[in-house]
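Novice: Using the hints, position chain B against chain A.
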Amino acid sequence: MAKLTLIFFLSFLIFSSSIAFQSDELLVDDDEFGLEGAKPRSTDLHTSSSSSSPQQQQQTPTIRRRYSDPTDLDSKVQFTLEHAFGDSDFSPAGTFSARLKTWSHGGKTLTKLRFSRNDFSAEEKDAFKNLLKGDDFYRIRLPSNVVSPPGREFVIASVRARCLPRDGLDEHFIIHMEGANILAVSYGSPGACQYPRQLKLPAKWSFNSHTILKSSEQAPRTPIFTEEILGGENVEGEVEPPPERSFWAKYWMYLIPLGLVVMNAVTQASNMAEEPAGGQAGGAQMQPAARRR
Amino acid sequence: MAIRVFLTLLLFLSSAILSFSLYEDQAGLTDWHQRYIGKVKHAVFHTQKTGRKRVIVSTEENVVASLDLRHGEIFWRHVLGTKDAIDGAGIALGKYVITLSSEGSTLRAWNLPDGQMVWETSLLTAQHSKSLLSVPINLKVDKDYPITVFGGGYLHAVSAIDGEVLWKKDFTAEGFEVQRVLQAPGSSIIYVLGFLHSSEAVVYQIDSKSGEVVAQKSTVFPGGFSGEISSVSSDKVVVLDSTRSILVTIGFIDGDISFQKTPISDLVEDSGTAEILSPLLSNMLAVKVNKRTIFVNVGDKGKLEVVDSLSDETAMSDSLPVADDQEAFASVHHEGSKIHLMVKLVNDLNNVLLRETIQMDQNRGRVHKVFMNNYIRTDRSNGFRALIVMEDHSLLLLQQGAIVWSREEGLASVTDVTTAELPLEKDGVSVAKVEHTLFEWLKGHVLKLKGSLLLASPEDVVAIQELRVKSSGKNKLTRDHNGFRKLILALTRAGKLFALHTGDGRIVWSMLLNSPSQSQSCERPNGVSLYQWQVPHHHAMDENPSVLVVGKCGSDSSAPGVLSFVDVYTGKEISSSDIGHSVVQVMPLPITDSKEQRLHLIADTVGHVHLYPKTSEALSIFQREFQNVYWYTVEADDGIIRGHVMKGSCSGETADEYCFTTRELWTVVFPSESEKIISTLTRKPNEVVHTQAKVNTDQDLLYKYVSRNLLFVATVSPKGAGEIGSVTPEESSLVVYLIDTITGRILHRLSHQGCQGPVHAVFSENWVVYHYFNIRAHKYEVTVVEIYDQSRAENKNVWKLILGKHNLTAPITSYSRPEVFTKSQSYFFAQSVKTIAVTSTAKGITSKQLLIGTIGDQILALDKRFVDPRRTLNPSQAEKEEGIIPLTDTLPIIPQAYVTHSHKVEGLRGIVTAPSKLESTTHVFAYGVDLFYTRLAPSKTYDSLTDDFSYALLLITIVALVAAIYITWVLSEKKELSEKWR
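In order, the protein sequences belong to chains A and B. Here UniProt numbering is used: the first residue of the first sequence is 1, the next is one more, and so on. Here UniProt numbering is used: the first residue of the second sequence is 1, the next is one more, and so on.
Chain A on its own, in the form it takes in the complex:
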């Protein structure tokens, strides 16, 4: 039953995606953060899975179960994505909304990021077509501080417009965060961008957006050696025998010269096959001569 509704939902979405607003945001679970209290260890928050089935991501509805258990320290923030076509001025293009989680030690992290993308208006479509023709830049910007936008500066990113269109307009954000600050945003198509870039108009004027929040990774610690020495016996026992290597891998250095020698011998032998007639004849002539002497 569930499957059936899902399929129905999917097909509905596929059908509707070309006409109306679509958002493909995915909620970020609190669990995905390291809850140790320290700064989160390697948090790659994929708000969407790999691009294999972009349509499926759109099924993530605007409401998820975690939405209903906000912590007291959380506060809601919203910041706008702005875009510009070539050298034009920036204009609003979408809204990010998220929860700002304040940790007991004072640090802040952004969770539950969602994104709603505005569709291109008619003028914007024309502007974008011009960009495609001129292989120009499509630029976006975000405030550098989400609590008090725009913060110190805007964080800008650009992409050649011809990199975006596939079936629709595929875009991929990686937002690098440090607390409530946005350091940088990487923006582009989710996959490769062929070079030379071909002029190609999108079939559908709608965005497939994928968003990833990233914060800094902790450096791996230099191992503490005292522990390793204590546990040395275990290590001894666990030493795996080196994987058995193939005959070729073991003896190639002998086999290649051998092969060469054999080949040499073969070619020489084939040459010799012609020579013996003359050679023996010569020898036969010589022998009597020696005897005569």
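Wrong hints could be hidden among the right ones.
What the hints assert, rightly or not - Simulated restraints, written as ranges between beta carbons of each label pair:
| no. | chain 1 | residue 1 | chain 2 | residue 2 | range |
| --- | --- | --- | --- | --- | --- |
| 1 | B | S245 | A | D87 | 46 to 56 Å |
| 2 | A | F90 | B | D700 | 25 to 35 Å |
| 3 | B | K595 | A | M253 | 24 to 34 Å |
| 4 | A | F90 | B | Q585 | 24 to 34 Å |
Rather than coming from a laboratory, the hints here were simulated on the basis of the structure. Ideal Cβ placement from N, Cα and C applies to all residues, glycine included.
Specialist: Below, chain B alone, put in the same frame as chain A:
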């Protein structure tokens, strides 16, 4: 074929035992070391027995040294730290050299003959102030007159014998600035003259025995003072008022302050603002007005009177007592290519004691400073010698109308280095001529053979050593087959370009930068950076390579730049131009025009980019690549990195067609409250990467992410930007980034909690190694980051490669989403580091070594394998075979791995590496106060025979073999014949 060579090479490398060290007799064969001191600030001559032949100098590179007056050699030398600037120097008790440094807070005494430190005293300082040192001149050695030191708001009297502070007096009152500390010879009263709020003169009289204030007087001067002060006698000083148009003589006989004003317009007509020059002349004053130097005699009652005037370009020394209570001073001025040295009596300027004319090299510029010394000639008359400091920072001793010696002290402040090829060998000069005769050649080899068979007598060893140093024409001025002979081009802060020969370090040519338009604002541009401008390959025989020298007029960033093109072979300036815009960044492009001139972009402060060379051909080449030219700027103070792309031509009246506007593509904004940029680094643009793939032990392939557009950035918490130990581990963290400079993508980001700078990093191929301080562990750490490309990971299949179904030849675009992963590992490193470099070879096949400039001013060669992120505790057999070293938490410091062996490159600031033509070998040049050069072979010289290879032995063996073959052949023939007759 290449693969086979590579494989055999690998085999060879894995079998070679690692050793970087040299044998004792190899030192000095390929390396050379030159010692410098820097631009001289003070010079103290001493005429007593012990120091008659030497002069004590202190320099702007914070060096205190004792030089031989006859030859200019260094007797001894001490390089103080970079923050330990020397404020004054003197000689006390006839045997100690006294130096005051660190803004008057450190006083040291050095033994005059050998330079050993006798004592050191730290003095209390409270505020920023002038620092004044006065060492009493007394000829009685046994009696201890205290040294008076003023610095940081306190006056100290220090015993010269043991450096004990006898007394101190506090002058840290608000708004009070001490200007002079004077003591009349033989008097026990010290006068301390200062200005209160620059408008009130205060004189303290202090008893030099006890440090008590005997009397204090102050008088308000309504006009206010303007700082510069000149003491003309023990009870008079002359100072300018705040308008700089009135000279005020302040007399304080017995503590009574009297002012006497003399407008400069009374002295000279149509005067502007004046400037008091620094030389101390007794009862006389040198003032610079209207670009002329006037000498003003100060009478007994403070009456001023002009006695002489000279052209502006005159340098003067302090006055010096000569016989009969008279004082003399030296002055030097230019006239064409000659300089005139004159020594005159202060009282009677018409009485010229000495007049000498000396031919001077134009490339030394003007005379900056003169220090005079007198001596008794053989005929018992007074002789004078002068130590002069030139505009290029060189130091010369003039005596008897000649330059006795000269030192190129400009080389102590090298700012940028590049290398250049020597001219090709033309007909008529052949190597055979160097190799004397066949007999001598053979003799040399027999000697070497003896040496290698341990048969050589001590005399033979000496002869072998000599032969080696002389041998192989390493000092010739032509290109050699192995590329061992090269020119090192060094640009100094004084704006002088030197070409040094790698063979022995001699100066082949030198050239002082000239301002193209002889404008007043910019007489001499200072050197900023150096670029390869033209490296001819196609016309190597008939075209000379050239370098681009970028200079700047003035120190601020908006100062106009100067470009100068210099021929590398001759050292002559081809052309120079005043470019009329500032220089923020110079970007060599990877394109050259038909004359093989490299295209350069120069960014100015306005945000425009200018193309050089300004030719239509360069413009058309550039227009083709216009779309694909990106650049970035780092605003370290604001914590912002911006990426730009070319937009269009400049508009405006002054703009020409070679000027382009840009637009911003991306920004990375570091939060100002938590991160501050302390280091940025890119790969060397001319680095060669031999292989893009790395084979793992499990037959797996890793593709290196080799991009020219990667930027390494290190940031620390603003609190942690200070000195080590100033913050707790919780307060400071270090974050490193790898940023793609085309799209602004952050490819890698790693934070180190509880760590702080300074960060020293090196970036090569696909890896970065950086050095920083771990506060938690109280140790320095080195981290390596290697970045690999995953998008090409599917290309492992051999069949795909054969059938061409791979994407290895597809163009790489930065707009594709990069699929990269990084590997990193941290190690402790026991030493503090000044700079890190990496060896570079012609094809990039040879394994790499990190060259670490340690705090001890030595260079340590550390194999890259030690900082491999794949090191594990228990490497498997296969990994061991590959050469992976078992993991340790600390990087080893092997004493034999110091490439500088017994030398120290004092004040080490940078290490430059350049490939030679021989793949195994790389040139290493280190600069600081000293210069050091050597050749390194990180994997030993696997592609050439060593210098001490015995050709004679080979020859003898071959001859013996041939003889043996012949003899045995004859014997066997005979035997065969006899058998057949049987």
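Novice: It remains to establish, for every hint, whether it holds in the given structure.
Specialist: Results of checking the hints against the structure:
1. S245(B) - D87(A): 46 to 56 Å: holds (54 Å)
2. F90(A) - D700(B): 25 to 35 Å: Cβ of F90(A) to Cβ of D700(B): about 46 Å, so the range 25 to 35 Å is violated.
3. K595(B) - M253(A): 24 to 34 Å: violated (50 Å)
4. F90(A) - Q585(B): 24 to 34 Å: holds (27 Å)
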